[in-house]
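> Sequence order for the protein chains is A and B. Going by my numbering, the first sequence runs without a break in its numbering and finishes at 113. Going by my numbering, the second sequence runs without a break in its numbering and finishes at 216.
No wet-lab data here; the hints were simulated from the structure. Just so you know, not all the hints are guaranteed correct.
Stated by the list, open to error - Interface residues of chain A toward chain B, partial, derived using beta-carbon atoms under 8 Å:
#, residue
1, V17
2, K109
3, D110
4, T112
Said to hold, decoys possible - Some chain A residues judged to face chain B by a derived CB distance under 7 Å, without partners named:
#, residue
5, H2
6, H9
7, D12
8, E27
9, F106
10, V107
11, I108
Stated by the list, open to error - Label pairs and their calculated CB-CB ranges:
#, chain 1, residue 1, chain 2, residue 2, range
12, A, E66, B, T53, 50 to 56 Å
13, A, R88, B, H214, 30 to 36 Å
14, A, I84, B, I193, 27 to 33 Å
Computed from a predicted structure; not experimentally measured. Here a beta-carbon is modelled for each residue, glycine too, at the ideal position from N, C-alpha and C.
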Amino acid sequence: MHELGVVFHVIDNIKEVAEEQGITHVEAVTLRLGTVSSVIPEYLEDCWKWAIGREPLMTDCRLAIEPVEAITYCEDCQTEYDTIAHGRTCPNCGSEHTYLLQGNEFVIKDITV
Amino acid sequence: MARVIELNKSITDSNDRDAQQLREELRRRGLFLINLMSSPGSGKTTLLSRTITDLKDDVGIAVLEADIESDVDAAHIESLGAVALQVHTDGMCHMDAGMTRRGLEGMDLTDIQLAFLENVGNLICPAEYDTGAHANVMLLSVPEGDDKPLKYPLMFSMVDALVITKTDTLEYFDFSIEKCAERVRRLNPGVQIFPVSAETGEGMDAWENWLKSHLE
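So that you can see chain B by itself, here it is in the shape it has in the complex (with noise of 0.2 Å):
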């Protein structure tokens, strides 16, 4: 005989509820983790490798490859002295907790202190799940335009960060710094903002620091 189980259940329940869990466990092993998200080609290759060659000395770091198509090369991101995985999402177009969590227990994570997962390139689809980590950052890089809050809302009002990338290329771009953190304020008032170039070394120092202040 069918019957009708009332569940009322929204599906990202279980995804939660294992976001948490992994983000304690972690947590208690010392491990700090941050959750990179960005549109393909907006210089997390770049970003990446500057913060690691210039914070390696003092902190152990570990990246998580999860694009799609992957735009940080996993042999180049370990000669730069981190510990690197390429996990395949099998075409998903996020990543979740319960992937995360798989993905990081196939590196081998002693001595890491920061761990970056580098989400799939999309702007919208990583929004909507927890993977577990302590932090969301965005890259959003001149070229893409200041407008991308007014398209991207959820997003740019989800992160705990966002870095502004390639600002070597503002003279020849129609960016306003200003604008764009307008915008992205009146979407999330906490938000940190930090404009940097990896290629000249501007700003870099102020998005370390950030980092490190997260770091025990």
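Chain A on its own, in the form it takes in the complex (with noise of 0.2 Å):
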């Protein structure tokens, strides 16, 4: 569910640029997306495919997401570890006092016109 929200914001975002840029179609759009964004990328697509329908600015548009690998920070050992393997918790000295560096992205890269 939440994916299609996210959709009509992304559509909302680029509906602002065309408007201010003058575009009349948009072609394609690459999005950044942070493995622990809470957004799954199949169902991105899904709700995409159903959203660009009603959107004429959009017709056909092609999305392409590219992921973005999710890395937390220990400050206690300041080390860098993969959050989806170990978390919160750091898998170097077990300290939670962890925070992440990367991974929550949800960035509209470019589009194509």
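Join these two chains into a complex; the hints should help.
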């Protein structure tokens, strides 16, 4: 369900840009999507196909998704590790004083017009 | 000729802008908006009903009901003395600033100082979208368990206040308020925590005083 909501946000953002720049048709969109952004690419693609059908600006617009790997940083031992494999607890020292460096991105990288 | 335009734009950018604008507009009108989030069945209706009954003589209250499967009955809320509106989210799993604005525009907000947005019952998606509210409040009921902060860290880390509801059932559940508070404060050191029972009224004073402290 969340995927449909974010597709609407993507389309709203693109419509805004199109209006500013006088763009009449968007052929392709590239998204950068973090692997812990809580969005599932396959669902996103399904929602995309449905949602672009309602927007003349985006008829047949292709969607490309570039995954962004999730990396967490440990403040105690100052190392980086794979978030998907280890979550919030550092595998090197067992600390929970960690934060996500990257991986929750949801960014419109570029559009082809 | 096709050309590529680099945007590198986070998809929440335009919503964040709308939310900030809505927040300022509401503030100028003297209206304080609270975004209420929780799992379904956490006791939002009972908490709101009691809060409205206790405060309605001093404060004009509105409730914007946005849950997919509504659990606050708009007619019931109105019978208690508040203004209520049910909005249809068309299956969306969260409210954004635009939807909140449209909902509020459909209500008569004359003499209203305090509005509650009952967000969609879900602990994940609503945490990611700014609604334009002045405060984010989450409800966690005792039967849900004190380990919820471990499972939904984003929600617990972004709220201004946590209301622990149904404390009259504490003796039947393995729920420790201290343990829960410690887990939440680790994620969110500045959070206000209000253990309440809207059934018996225990703890309601602290919650209602906190609400009133935000009103002009």
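> Each of the hints needs a verdict: does it hold here or not?
Comparing the hints with the structure gives:
Proximity of V17 (chain A) to chain B holds as hinted, the smallest CB-CB distance being about 6 Å (cut-off 8 Å). Contact between K109 (chain A) and chain B, as hinted, is supported at the beta carbon level, the nearest pair being about 6 Å apart and thus within 8 Å. Look at D110 (chain A): its Cβ gets to within about 5 Å of chain B, closer than 8 Å, so that hint holds up. Below 8 Å, beta-carbon pairs count as interface contacts, and T112 (chain A) has one with chain B at about 5 Å; its hint therefore holds.
Interface restraint check: H2 (chain A) against chain B, minimum CB-CB distance 5 Å, threshold 7 Å, status holds. Among the interface hints, the one on H9 (chain A) holds; its C-beta lies about 5 Å from the nearest C-beta in chain B, closer than the 7 Å criterion. For the restraint placing D12 (chain A) at the interface with chain B, the shortest Cβ-Cβ distance is roughly 6 Å, inside the 7 Å limit, so the hint holds. The beta carbon of E27 (chain A) is positioned within 7 Å of a beta carbon in chain B (closest approach about 6 Å), and the interface hint is therefore held.
This hint holds: F106 (chain A) has a C-beta 5 Å from the nearest C-beta of chain B, less than the 7 Å allowed. With a cut of 7 Å, the hint placing V107 (chain A) at the interface with chain B holds, because the nearest CB-to-CB distance is about 5 Å. Satisfaction of the interface hint for I108 (chain A) is found here, the shortest Cβ-Cβ separation to chain B being roughly 5 Å, below the 7 Å cut-off. Our hint of 50 to 56 Å for E66 (chain A) and T53 (chain B) holds, since their Cβ atoms are close to 53 Å apart.
Take R88 (chain A) and H214 (chain B): their Cβ atoms lie about 32 Å apart, and the range 30 to 36 Å holds. For the hinted restraint 27 to 33 Å between I84 (chain A) and I193 (chain B), the CB-CB distance of approximately 31 Å keeps it satisfied.
The structure agrees with every numbered hint stated previously.
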